[in-house]
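*Asks:* Chains as they are written, first to last, in the UniProt record's numbering: chain H, 1 to 232; chain B, 1 to 274.
Source of the hints: derived by calculation from the structure; they are not laboratory data.
All of these numbers come straight from a predicted model, not from anything done at the bench.
Treat each hint with caution, since some may be false.
To be verified - Listing some non-contacts, in silico: residues in chain B with all C-beta distances to chain H over 10 Å:
| id | residue |
| --- | --- |
| 1 | Gln9 |
| 2 | Cys125 |
| 3 | Lys178 |
| 4 | Asp252 |
| 5 | Tyr270 |
Unchecked claim - These stretches of chain B come out as covered by chain H in the derived footprint (C-beta under 8 Å, 3 or more residues):
| id | segment |
| --- | --- |
| 6 | 73-85 |
| 7 | 105-115 |
| 8 | 143-151 |
No residue lacks a Cβ here, since even glycine has one placed at the ideal position from N, Cα and C.
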Amino acid sequence: MPTDTRRLTGPESSQSPYNFAPATKLDLSNLESRPDGRKAHQLRPLFLRTDVISQARGSSYIEMNETKAICAVYGPREVLRREDFSLKGQLTCEFKFTTFSCKKRRQHQQDSQEKDLSVHVLEALEPAVCLHKYPKSQINIFITVLQHDGSAQEEQAILKSTVKPAEASVGCVTVAFLPSLSQVSAISSDGDLSFESLNKTMQACVTDCQRLYPVLEHALVKHQQDTEAANR
Amino acid sequence: MAEQFKMAQPKEYFKKFLENDIRPDNRELGEFRPTVLNIGCVSTAEGSALVKLGNTTVMCGVKAEVAQPDADKPKDGFLVPNVELSALCSPSFRPGPPGEQAQVLSQNMADLLQTSKCINLEDLCICPGKLVWVLHIDLVCLDYDGNVMDACTLALISALKNTSLPAVTVDEDTGDIKTDPTSLSNLPVSCCPVSTSFIIFDHNVLLVDPTNEEERLATGAVTVVVEGENLVSIYKPGGSALTDDQIETCIDRAVERSREASKLIKETLYSIDR
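Here chain B stands alone, though its shape is the one from the complex (with noise of 0.2 Å):
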């Protein structure tokens, strides 16, 4: 009877249980689904992270390669972050080039890495104006159920922290390049920025980490970037309209799960290292 409920009515089905401040899956609605985090995973990856949000699955993987700088930026290397939303993950993607909201997601990785400066871009120079790194940073969903940003970010910044680069020297009379395999240096991290997506149902409720379910349902989405106690960024793509309350809600809330998982990723790190 629930079954047909909920295919009949969705909307219906899902007020009953908000009704009692629960959602469908037994969470509350402040509640994160519980998150695994694997580093370090595909050893042919300089750097890599599998997250697992519940069902959502993301797998980041960092390739490092070298190229010359730009003329104007001398010392800069290059953050190239790219989601790919396959067709493997959800019956709703096609296989073929990303889609609009892949596109967006490696757009907001992008402006992620540029406004939390967790990467100083100097830090990838080999060879001032002659060699800098160019790391490939790529997302690949294998699983969607809702909240892929949030799964994205995690596991974006625990593949980058677990990013170490072999030694590249240029000759500075001949121009050539060595490397040396054997010895490796960990990436510089300076922060840890963690997202937090929520979205909105029926026009005032606020659901934190939706599954696929729930974001079909919803009538607006907010996603807050912060980092320490910090605040990052917010985005907000339209949608229903909130108070500046309901944003103080989630920016709590942000704050508090940030913590959580730079908590995560301290201690995965540190269980790996052993």
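Chain H on its own, in the form it takes in the complex (with noise of 0.2 Å):
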């Protein structure tokens, strides 16, 4: 592996500790109530505030119980490379999870599930954004995961940024909706699953979807009120 001479590096190899640990296996098969208590279809409660830091033009921060990330959009600006060009506006998103967020240390380079999570996001949030408002430039989105306890992608598509978005997207575990389209974006199924379940699973997810916009519609409202009663 290429060293890197730009971040202070500990020993060469390192492990975790817990790979000595006694391995504990988690059982699913109880359908009635998971390890943590919640029924089979419950989703965990949610804590979303926008606006949370001051230099973007949009962000968020998103909790989940266990769960935590942050997202901030910038833009829109230049296109850096030319080759980039192009008359549409471009949208780009970095999906990232901090060295601290698993059980497991990640490392600072984005790595390939890194890369796969972030082309998701952006696969569900483009139909979403009004990008032909802004010819010849590009608006990013970064999402950073603060700490990670399953399904973090779900996070990823609640953002909101100034930038007129034509419709606030909600993601669930696989599946992208857009609750007043009543489009789904995105889907994105992994493993072996026969095409009934899939569909099963795809009604519940977008029943989820739509739960999730009342309080995707209550952060954003309440934004809003707050910065108008700021600036009164």
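With the hints as a guide, bring the two chains together.
*Replies:* See below:
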């Protein structure tokens, strides 16, 4: 592996102390109650706040029990490389886990999982942003997961920016949904799944997305009211 | 009108405020922004802290790993601090490898740990010559609004004070390593260095805890690190010259700040212990 000269590095090889601990196994056989006391179809409680980063155009923080993520939107700004030029606006997305966000330490550089998630988020959000209103410019989304306890992807999509999103989109574990257009913007499914159960899961995801939408609406409305009150 | 004046002539705009010994955000010249400290906010890390200095936000997470020690220092563990100024925190940073500023900050953190000796590296020894702790201390800036240095130090020390390590044993004969995640012990932190940053405006006015705007107008900067009543280091990277008296004022203010900060850390730690 090439050495990183711009960061301080520790010893060449080190490993997690939990590699030497007795393994614990998660029991998911009981559908009625999961290890954290939830039912199979129950979502974790959601906390959402917008405008948390003073320097960004739009930003949000989301917390679902032990999963926490922060997201910032910058732009529209000029396209840096000439090759990337296009008349339509562009959207970029960078998804990153902080090194301490998981049980096992992550690296500073973006790994393949993070790159994969970036693309997923981008695909889910592209239909939601009015890119034609920002010709020749770029809008950048940055998402950082501060603590990861599963379904971090859910966070991604929930963002708000002052740059006129046509529709705030709500992502679900595998389904991103545009509630007021009632359209699904992205689905990704991993693993062996029968067609029937995929259909069923999708239905469930869409329902859950619709249930998350009011939370998002509420956070946006509250932020708007707060800013108006502050300006008065 | 004020907005336009600020845009066109930021320096003049600023001077108008300073004539009355006040700053645009209603602070006095020697006043810090409100400091918020949250300790132990990330449960996946061995120790963590979130610091807010006004808008500036820094999160620190300590991740512990085990490794073989260096042959010439068989008992010493490793401390690896890194500061990340990601593109998320400010429009002036771009994604990619850390820039100069982030590298300087990382080195500052490493120097601070080394010179203040707040952690005895031998405390990180599990089995001499065989196994020691490596503490990866990662500081992530989430909102860049000036004075990241002070926010980083406070986050670093608070996270270290919050760090607890699982019990790891090495079998003498077989060399097998065993971890007991249920028995945790706190990392001993012997002292609490606190840094205080100033900028020099117009070659003679000293402003403590600068915001991003103030940093851009600065003609110089000083950072004073103190531990209780003792001076740990002064860092002054060029810029306008300062008189002895001015340096002394900086140190006095830094000592006062250190008292406030240690009190804040102590109170926060106490409140999470209960």
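*Asks:* Please name the hints from earlier in the document that this structure breaks, with their numbers sorted from lowest to highest.
*Replies:* 3
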